[in-house]
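Undergrad: Listed below are the residues making up each chain.
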Amino acid sequence: MSRSPTLRDAALAEMAAITARHPQHFRALPPTRVKAGALALAAIMLLTIGLWRLDFAPSRLIDGVGQLIHFLGLMLPPAPGTWSRTLLIFQGLAETLAIAFLGTLGAAIIAFPLGFLAARNTSISRVVHFLSRRVLDGVRGIDSLIWALIWVSVVGLGPFAGVLAILTSDIGTFGKLFSEAIEAADRKPVEGVTASGGGKLHGIRFGVLPAVLPVMAGHVLYMLESNTRSSTIIGIVGAGGIGLMLSEMIRMLEWDVVSFIVLLILAAVGVIDVISGRLRAALAGRR
Amino acid sequence: MATALARLPDDRLAELLHGYHAAARAPRRRALILAFSIAALSLLAARVAELDLPRLWEHSGAFFGYFDRITTLESGAGRVWTDPAEWFWGWRKWGLLLLDTLLIAYVGTALGTLGGFLLSFCTASNLATNRWLRGTARRFLELCRTVPDIVFALIFVIAFGLGPVPGVLAIAIHSMGTLGKLFSEVAENIDMKPVEGASAAGASWLAMLRFAVLPQVLPNYASYTLLRFEINVRQASVLGFVGAGGIGQDLIEAIRKFYYNDVAAILLLIILTVMLIDLGTERLRHRLIGAMESRA
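Protein chains in written order, with my numbering: chain A, -14 to 272; chain B, 59 to 354.
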């Protein structure tokens, strides 16, 4: 089967000349590729060391996966079991939602003035600005689960500790987000207020606040979504909500209840996401 | 230079003020309604969550007292930072545990990235042509990212036994869920011209991915992976709470057994590690973004 000479054949015929003309494209190993290869090699080596150090034995993995498949079989169909337990589960879910709501609201209220202190353009002095930034960073560095543990040892077991945990861990996040929103606000309205004789507080009230309030509300709604997720799990350390029930059921190997609770959590998170997404879209539209 | 500003006559001013009030009334009423509904919701939530302000008031001293207590030496001889050797008596053990925590985060992120990388090409609507495959992969990723990783860890601890293995797997699965979604969004936003070019030149699906898609998505993928690593370091430090390895196990033990100084030490170590990792990955990400822009 003969065919007309293609571009490829022509190029192959001239291979030597082309190679001589563009040596940089025909080098066996360009330096960028050597670098990328070394990087990949280092990453893989670290991965291997990690797998070895963290006891990843193949036999253990195979056993575990077998167990998991067994559990998965037991998870179907999802069922809450007795009526009293169903009631408990829904109570836990209500607690979870309450924790998320109160924690987010409380954190937003407390972080609101802190945001102004931590923003460069509205802070009292540079020292206050710097210190409040560092405090907020430190608070944010501790996970909400750790805060939950600390609050449980202060106010005792129960959802109250959960509210406080979500609240404290969010103060850091909100403070940072709020101060960034304030710093990004347009300076001109403030100048206008000052020019017409307003003081610094007037400037904040009529110049900054109208611009940043919708942004802040958006952040609060977004954090409400994220807190609904985190408040489902803080029950694991005894801080109220559905997490307590979930971890108990996992430890008691009641797999059908476990899958029921997980599905319930997914549904609740989905509903909150949709509601807050709608509200955020409405906010963005009005701005 | 005190020049007298022309002040409007009072009747004109009253008119202006009236106009302002009229304009401000509707938003003000809306804000009031909003405030009332939020207050009603919080009252309801407070009942459900057994909120007890008197108790908080009673214990608010205890909260600051707790931080006072964890920073006071067990012997009662001043603050912990006056005697670092006594405070960080277990630094050798904690250092190793911290390294383990970082390794858990690294291995979990690496495995999760691998999974998300492979699945992202199956879920991107412009690259995957099979609708069934795409739908299944999407649902799977959704499940992986909506279930919190600590729940995975709880289940895996029972299946695989105590230790870092369940922690790594929990982090890997959760990261796969989030990264798979982010990656596929990146892949859906690529320039399709190189893809068409590769297909027109007769490239197979894999060759098309390698030469047309990969060069476009790689910098973004790397940036998201670094961000995920940062989050996973935080997660890995608490996975020990449920027995899935890392420094969390020692922290929960110290808190539950009231080893106050150890709590302070471990908390400080965790905060410092998280801050260091944040700084490091931020640098790397900025370099990546810079490299991306200089090439573009």
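What the hints contain is simulated information worked out from the structure, not anything from laboratory work. From a predicted model like this one, the values you see are computed outputs, not experimental measurements. One thing to keep in mind: the hints can contain errors.
Claimed, not checked - The calculated SDA-like cross-link candidates involving lysine to any residue, where the alpha carbons are at most 25 Å apart (straight line), are: (1) B:Lys239 <-> B:Arg189; (2) A:Lys20 <-> B:Tyr282; (3) B:Lys239 <-> A:Pro16; (4) B:Lys315 <-> A:Gly126.
Undergrad: All hints are to be evaluated individually against the structure, with a verdict given for each.
TA: Hints and how they fare:
At roughly 16 Å between alpha-carbon atoms, Lys239 of chain B and Arg189 of chain B fall within 25 Å of each other, so this suggested pair holds. Distance check on the hinted pair: Lys20 of chain A and Tyr282 of chain B sit about 21 Å apart at the alpha-carbon level, within 25 Å; holds. About 33 Å separates the Cα atoms of Lys239 of chain B and Pro16 of chain A, which puts this hinted pair outside 25 Å; it is violated. Taking the CA atoms of Lys315 of chain B and Gly126 of chain A, the gap is about 23 Å. The hint holds against a cut of 25 Å.
The structure is inconsistent with hint 3 alone, although it conforms to all the rest.
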